[in-house]
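The residues making up each chain are set out below.
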Amino acid sequence: MTGLRFSRKQLCIPYAAFLVLFVVIPMFLILLYAFTGEDEAGNLYFSFSNFLNFFSSTSKLQTLGVSLTIAFITTFFCLVIAYPVAYILARSGWKRTYVLLLLFIVPMWLNFVLRITALRELLNIIGFLGNYDYVNTIIGMVYDFLPFMILPLYNSLQKMDNSLLEAANDLGAGPVHTFLHVTLPLSMPGILSGITMVFMPSMTNYVVSETLGNSNITILGKMIEEYFSTYDDMHMGSLISIILLVIIFITMLVSGGFKQNSDESSARGANLW
Amino acid sequence: MVKNKQKIKNGISAVYLLLILLLIYAPILLLVITSFSSARIIGEEGSFSLVWYAELFQSERVMGILLNTVVLALVAAALATVLGTAGAIGIFYSKKKVSAVLQGANQIPVVNAEIVTALSLAILFAAVSLQRTYFSLLVGHLVLCTPFVIISVLPKLKQMDNHLYEAALDLGASPTQALFKVVIPQIASGILSGFMLSVTLSLDDYIVTSFTKPATFDTISTYVYNAVKNESKSDLPLIRALSAIVFLVMIILIVVAIVSSSNQNKEDRNKNA
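These protein sequence lines are chains A and B, in that order. Note that this note's numbering numbers the first sequence so that position 59 is 59, with each residue one more than the last. Basically this note's numbering = 1-based index in the second sequence + 273.
Where hints are given, some of them may not hold.
[As the list claims (entries may be wrong)] Ranges of calculated distance between the beta carbons of each label pair, as one might list FRET restraints:
#1 A/Leu164 / B/Leu291: 28 to 34 Å
#2 B/Leu521 / A/Pro14: 34 to 40 Å
#3 A/Phe179 / B/Gly319: 46 to 52 Å
#4 A/Val246 / B/Gln432: 51 to 57 Å
#5 B/Val343 / A/Tyr45: 44 to 50 Å
#6 A/Glu226 / B/Ser402: 43 to 49 Å
#7 B/Phe408 / A/Val176: 57 to 63 Å
Just so you know, these hints were derived from the structure itself, not from any lab. Even for Gly, the Cβ is constructed at its ideal location relative to N, Cα and C.
Just chain A, same shape as in the assembly (with noise of 0.2 Å):
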């Protein structure tokens, strides 16, 4: 019976190594090359300067804040008309609501660069390309990632419990009242994971900002870029890298993203199918 249980986990022994070689080793090259250098003959050597650097340039600082300001502005917009979308889809009790649902994801479906294109064309045609960059970047990250933010809500929103309702209700709380001390703290976990869903992509996601701001506006995923195949510098670009792992550890810190993580994969596009 041993012998067979062992050939049985043996099965994960090719994924181990493929994680080891394309998911962890690479990972730890990140970290490496963050903090050093290279001399003229190609070798490594230890060095802070990165780090000083990107901390001591304000153009460098102004990115993270930019990314910062877009990622909140993008994550709020995402929350605000998503809210609304799932809690009709989840507690409207009209039937059929799942042909609804899926009319809402059918575009994520559409890749994603040609339905960014299709929003180009569409600013453009309305005279919002090239004079308004920022509102227009906010727009096809909102436009990008609402999907991300109505599923994981919807999910929460569907599993709440109808009787707590009637109680609040039959103990004569109102709408309002039952709404914010019922009904929202139980969609909190949907919440936190959409916002995971959200945030880290519109701090990087460089092909919605350059297809719709005109190229005038970097974010700190164009700057790896630009490091990387412009300058031909993976040192910048890991230490970059490195900062957007503080964030996305931060947030799922904030969101306790660590304790649900099959939530949030499940959100993350699991259900899609």
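Since the structure of chain A is already known, use the hints to place chain B on it.
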């Protein structure tokens, strides 16, 4: 009175959903409609014409890119599904500690910013002086997709009735037979959704692709992004026709999915009756 209030509430809800759906679909519809106009730039005068569709199908370059994209997605998804399914089974039967470490490593690409994953792989390939080839591109897509196969399959393993596997062994099946004839069929829905999710992720990807692909290789995402960035007047109309076709295919797939799932429901109901 109460009924009226409910009616108004439903009305407002419906209007809100309709408005958001309209905003979501407006850019895509605009592309579909203008793809039938002979105008090269949207807004210019043109007449009804299928010229862009004709040009699209005659363009060996674009057809080649389309084929590249689909083949890459299918190959990456198939490999990710095999690697991930084996990995999930292995993880499920491993000791708690091993399983926790592997699941933790599996979450890294899921929560990480895509640009960080992309840069980390590019650094790895540069560090071992590996030219960017189809292999590096495939690795990039496997890193993107396989974690989601694990996430789709693992819950199905947890729901599975473990006694069936033991029973198969007691009845004389070899462990391999038991695995393929008992375990795999029970987790088939998870495997399928992992595969579909992988196809979607691969088709949709831009950032990892652009960091790991060989210079001469293009997918839809990289081709469209560069064409839009360079404002290529010859490519943009083709992209409109391409978007319209992709969108149409998607709609057909979804209608088929909805119809077949509602048929499934009817069958289930009939069986129960």
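key: List of violated hint numbers, smallest to largest   = 4 and 6
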